[in-house]
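J.: Below, each chain spelled out in residue letters.
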Amino acid sequence: MRTRTAIAAIVVLSIAVVGLQALEDRAHAALTPEADAADFLYVQSPAVLKRAALSYDALVADLYWIRAVQYYGGKRLSKGPKTYDLLYPLLDLTTSVDPYFDIAYRFGAIFLGEQYPGGAGRPDLGIALLQKGLRAQPDKWQFAEDIGFVYYWWLHDYRVAAEWFRRAGQMPDAPEWLTPLAAVTLAKGGSRASSRTLWTEIARNADADWLRRQATVRLEQLDAMDGIDFIERVVQQYRERTGVLPASWNDLIRTRFLRAVPADPTGIPFQLDPVTGSVTLDPSSSLSPLPLAEQPH
Amino acid sequence: MRRQDFLLGKYCGLVLTLVINIAVMTAAFYVVLALMQTVAPPNVRASWPAPATDPAMLKAIALVVLELMLVTAIALLFSTFSSPFLSALLTAGLWVAGHFNSDLRNFGAVVESPVLARLARATYYVLPNFAAFDVKLQVVHAQAVPVSYVALTFLYGLTYIALVLVGAVVIFSRRDFK
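Heads up: the sequence lines are chains A and B, in that order. Position one of the first sequence corresponds to residue 1 (the numbering used here), numbered consecutively onward. Position one of the second sequence corresponds to residue 298 (the numbering used here), numbered consecutively onward.
Calculated directly from the structure, the hints in this document are not laboratory data. Keep in mind that a hint or two might mislead.
Stated by the list, open to error - Straight-line distance between alpha carbons at most 27 Å, and here's what the computed DSS-like set of lysine-lysine pairs gives: (1) 307/B <-> 82/A; (2) 132/A <-> 50/A; (3) 433/B <-> 79/A.
Stated by the list, open to error - Footprint (simulated), chain A over chain B, 3 or more residues, beta carbon under 8 Å: (4) 312-319; (5) 356-370; (6) 380-387; (7) 446-453.
C-beta: ideal position from N, C-alpha, C; glycine also.
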């Protein structure tokens, strides 16, 4: 075969392969819809897995932890209906094989507690996981703090949250800010100020980058809620002066109530409802949805 | 005899062996299924999504043949420039990678670097997509596998085989055996 012919054939066939692969991609996706792929755990018993792991407990726990993270991430990113049924069993298996797998308890509780569809929406299971961690390591103040956090943020039970922050503060090597946090939670539970205190401390002290980033997002959400409150007041002032609600941001800018289109801390403009005058986050904003208990007031 | 004739002849021989093997196994498979069809009680048969000897399963078998043809072509390509052990290892590696290459497609969702995501995506398009040949689950559960899908997959598979064989011929023609 001549060199030139061979090169031409390889180029043409390569282009054809890539083009056909693109077509195949779509055809195969249509053939196997995501919802059809059933989730299944071959080993469901922690006791069996522990025995099957032989002396490779840590390795098996790592594998199950990676699987739990991929399962959570895959479900969270999937466009179809989301079910997190296997999340707790995977985390339970991970922490049963390796009871000292701290990050599995802590992040696992976040994955479980996060509001559906961003997470499993099961704070009760998050608490169960952390309590399991506390049984394995009774002096781990981080687990007690995280339980308090779940009660505070997802269950809005500020009395119990304060009790857990207090217990965490009494554990060995606990940071000093936990005891005042318990007091603030008990006194002003659910207020935006106490939420800000909680997240600021987490952003400052968390030992994992992911948790720090999460705290930063929550603080930005609180800023967005403050912003929404302020703009809604401006909208009401406009209404009092003109007798009608603004039809768009342009009305408020033209009349100098605002200097520019207001945006959330990520730079995505807020949305104005011209019928009710309410201001909301753009659904495409990474800060959306805002936590329910902390909606602007 | 020209080297390319030797190589292509060897490939055709290997493929013919595979086809005969699979044809015999398919015949045996259908005989067993027909037997099950006759011995299974009517209530059990009623719970099956399709008759035991559903001819739609031939689509999956045809795609298995195509997949094996592609694996053979890849093995032949590797054998033109490496030792038998290494070519077996490389083929097995590519076969595994080809079955999991949908992970490469979704790599962008788990990495922050757009360059890495694009690189993974490009690799996804270049690697043989063996997952496309697997419709066993669909035919077993009597799910529809359109003829257009089988035709497209055949076109893809045969094009890839042609590409690999051209590469193998080029390398083998230039190899110095002295």
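J.: Against the earlier hints, flag every one the structure doesn't satisfy and list their numbers going up.
T.: 1, 4, 5, 6
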